[in-house]
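Heads up, the sequence shown is in the working numbering, so the first residue is 21 and it goes up one at a time.
Think of the hints as simulated: they come from the structure by calculation, not from any bench.
Incorrect hints may appear among the rest.
[As the list claims (entries may be wrong)] Just the calculated beta-carbon pair ranges, DEER-fashion:
1) 312 / 258: 27 to 35 Å
2) 42 / 123: 45 to 53 Å
3) 97 / 134: 28 to 36 Å
The beta-carbon is built from N, C-alpha and C at its ideal position, and this holds for glycine as well.
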Amino acid sequence: MFVDEATIHVKAGDGGAGCVSFRREKYIPKGGPDGGDGGNGGDVVFVADPNKNTLLDFMGKHHWHAPRGEAGMGKKMYGKAGADLIVPVPPGTIVHDTGHGIRLADLDEPGKRIVIAKGGRGGRGNWHFKSPTNQAPRYAEPGGEGQERYLRLELKLIADVGLVGMPNAGKSTMLSVISAARPKIADYPFTTLEPQLGIVELTGDRRMVFADIPGLIEGAQHGAGLGHAFLRHIERTKIIVHLLDLFPLDGSTPAENYRKIRAELEAFSPDLAQKREVIAANKMDLATDDNSALEDLMQALPEREIFAISGATRQGVDPLLEELWRMLKEEPSAQQT
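Could you put the whole structure together from the sequences, leaning on the hints where they help?
If you want it as structure tokens, here you go:
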């Protein structure tokens, strides 16, 4: 089950209380105060774990509490500090504090970690408060309270290339051909109900990560089809591959479908619509000797470079992948020109 949003409550551990104690030994009269300090409470720490790819762990557990510190003891003995609570999350998780309306962290790299809630400081024992005028203090500090937060977690998958297109454009077939991913493939719309990731291996130990999101249709911005629910997962991609069905069954044209999807991307995020784009005209295996559909598409979009491919037969797929690799490795200055 793919879960990309969750709401949870976190509470760092409270600090342990300081101790009120006095030294009592047979041959040492008036030994004085010797109450130890309390231990610090444990922190709540989020860590981007590459073995995680969904927020499912947070659906059944909404409260995450770190242990508190132990109280101090006599003979100036410190209380034991509470252990930190390590919470693994998928890389790409964004942490929002809903109580204050701020974004706390973007765990966009595997291994990245951040203290989300700081544990309370342990209270000082009574020996800290002795003075010439108060040689037997009967007071110790209570432990400090650990931070408490209400969080909203949002997952945005991390990939190099994002696949977009109409339902049944062949995105899942494409992903299954170029990677080891095995998304559901069928001859009806919306077979992909959740984002899929695939790692594409090229010669020379080169690799790219592809993200396939469920198909978009016109009106997705108003909730049609699956809406825009999963578009956030290609916001981090560097390149968008726009897959077009050369022979749509609904009587539309590939150029019309391209413009519809472009409108949906722009409605969701202008920044997303500005990402570098490659157009792939899919299902060339159905063209036989007639290339009129491809020629019409090229005439309708003369300013765009179009790769003619077939995900089913892998026709034209390798040149497309090589071009994507070249684009990914371009110098930043070259990308901007």
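Consistency of the hints with the structure:
About 34 Å separates the C-beta atoms of residue 312 and residue 258, a value consistent with the hinted range of 27 to 35 Å. Range check, residue 42 to residue 123: about 50 Å between beta-carbon atoms, so the 45 to 53 Å window is met. Between residue 97 and residue 134 the C-beta distance comes to about 33 Å, which sits within the given range of 28 to 36 Å.
In the structure shown, no violation is registered for any of the earlier numbered hints.
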